[in-house]
Amino acid sequence: MSAALLQLSGLSGGYPPVSVFRNVNLTITGTEAIGLFGPNGHGKTTLLKTVAGLLDPWQGEILFAGQRLNSEGSMRARISRHLNYDLFRRRKIRARDVVRAGLIYVMQGNLLFPEMTVGEVLDIAQRAASGRQGVGEMRDTVHDLFPRLRERWQSKIRFLSGGERQMVSIAVGLLALPRLLILDEPTLGLSPKLRLELAESIARIRDTKVPLLVVDQNVEFLTDLVDRLYLFDHGTVTAEIDKAHMPSHDEILAMMFGSGQ
Amino acid sequence: MAFDTFVFILVSGIVLGGLYALMAVGLAVVWTTLDVFNFAHGAFVALGAYVAWQVTQFAPGPQGFVFATLAATIFMFVVGFLLHFCLIKPFERSPNIVLLAVITTLAASSIMESSIQLIWGPREKQIEAAVSGRFEFFGAGIGANDLLALVVALAALAGLALFLRRTSTGRAMRAAAQNREAAELMGFNVAILFAVALGIAAATAALAGAFIGSLRFINPTFGADPLMKALVVVIFGGVANFTSPIYAAFILGIIESFSIYYLGLYWAPAVLFALMIAVLIVKPEGLFGNRQKTL
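Going down the list, the protein sequences come from chains H and C.
Letter by letter, the first sequence follows residues 1 to 261 in my numbering.
Letter by letter, the second sequence follows residues 1001 to 1295 in my numbering.
What the hints contain is simulated information worked out from the structure, not anything from laboratory work.
Heads up, the beta-carbon is just placed ideally off N, CA and C, and yes, glycines get one too.
Take the hints with a grain of salt, since some may be wrong.
Stated by the list, open to error - Partner residues aside, some chain C positions facing chain H, computed with beta carbon under 7 Å:
id: 1; residue: Arg-1171
id: 2; residue: Gln-1178
id: 3; residue: Asn-1179
id: 4; residue: Glu-1181
id: 5; residue: Ala-1182
id: 6; residue: Leu-1185
id: 7; residue: Met-1186
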């Protein structure tokens, strides 16, 4: 059996003192596309931000490609009420290490850098990864995927439409040469037509064999795209569904909320 | 008013504006990237001026001034870079970061001023200027050193703008200023970038300090006045853009020299503050500002 690419075991976290997700177990092997589906406000984004190194996990471990990304020990034991905890703490997880390991998180509804042009943003993204193999190829792939960005090269991000911003975010993620690309609600707030276009681009990214973890509210989009679907509810993973048993939207809602009628 | 007097006041206002611009941009860079107000900026100006003065004691003459300015700028960059890790970084996750930064930067300012007094004493000093003499400009006698200060200030601002827009470190710094989380997710070392921002602020302050020291006398606490003026400039102009405090600095410099001529030295600060309050009432985000403050 091939080693897991990303393995979360018993991961808990949140915004102290509010616990948002508890005991999350999730395994991704290198070759598949994974979906994560769950209602709003149940902690999906908090979970992903923790995995990406923006928030410190409280407990559990994050293993990526055999490397442990967070330091040992649980957070609760290390908080001091009397000392400036930040000063003495070794961060449990650092975003820089996570990115360097190749785990790239594309934030939800990200404004990115409003006053910079598309060209500047893609340029620094590329330079951040420069010296690694395949940057040039990835740049060509990105230009193929999102020809529209070429046309908007000189525009500031804040003048872009929601769909274009999302394209820039995904392009930035791709230019970091991900070994796993996490997309957090890429189709949030887009019109149905744009949503279809973006879904097509994401399907093409999957076909270039970049492992994906996609979060979305739209079940049809996810079930078409992914090989495996995790259901996330009340702060933890509640079910795991294979491609062969991919249910319809109504079935999933029935599984999560009860059948209603 | 005679035309030559008018030209003289205008030119001295523009020179003043150039120095204000240099200091205000330093403040604005820190404000937009670190999101805190740096009250140590005045002490940066003073310390930079004293380091430059010390170097001119070893190396007199025009070359000495150039060398002293460079040395002070580099020295203050290092000081600013290191101070980020003492004054701001330890508190960056605290909900009271803005207040804490006010206290820590005020403390640093006080420590630096006392150190200057301990090392160099309280007596006033003047840095030997690189160029001297005056020349005629539309009938007004303009000091060559004034002009040099203006040219160097403008060159430094242009250099800083180029650094922020064209180099990848500068772009990464702007990225971190505009969206810290996204910059972290791109793998940038945000702590280092923020330290560089404070270093740049301190370096521009030192450059301004060296020229102020060559135009008038310096003492250990002289930084308080430029800090106040730079603060007025930043609030007056807003920080929507790199260039907005620069325009504001020139406007305020010219207004200040005219009000010194018409109302006297002691009324000039009052005029500036009254203008600042008027601008705040009419356009709270500053004359050239918009809601979003960015680098």
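Hint check:
1. At about 5 Å, the closest approach between the beta carbon of Arg-1171 of chain C and any beta carbon in chain H falls short of 7 Å, and the interface hint on this residue holds.
2. Annotation: Gln-1178 of chain C was flagged as interfacial toward chain H, and the flag holds, the nearest CB pair being 4 Å apart, inside 7 Å.
3. Interface restraint check for Asn-1179 of chain C: the shortest CB-CB distance to chain H comes to about 5 Å, inside 7 Å, so the restraint holds.
4. Evaluation of the Glu-1181 of chain C hint against chain H yields a held restraint, the C-beta minimum of about 6 Å falling below 7 Å.
5. With its C-beta approaching chain H no nearer than about 5 Å, Ala-1182 of chain C sits inside the 7 Å limit, and its interface hint holds.
6. Because the closest C-beta pair between Leu-1185 of chain C and chain H is about 6 Å apart, less than 7 Å, the hint holds.
7. Proximity of Met-1186 of chain C to chain H holds as hinted, the smallest CB-CB distance being about 5 Å (cut-off 7 Å).
Every hint from the earlier list agrees with this structure, and none is contradicted.
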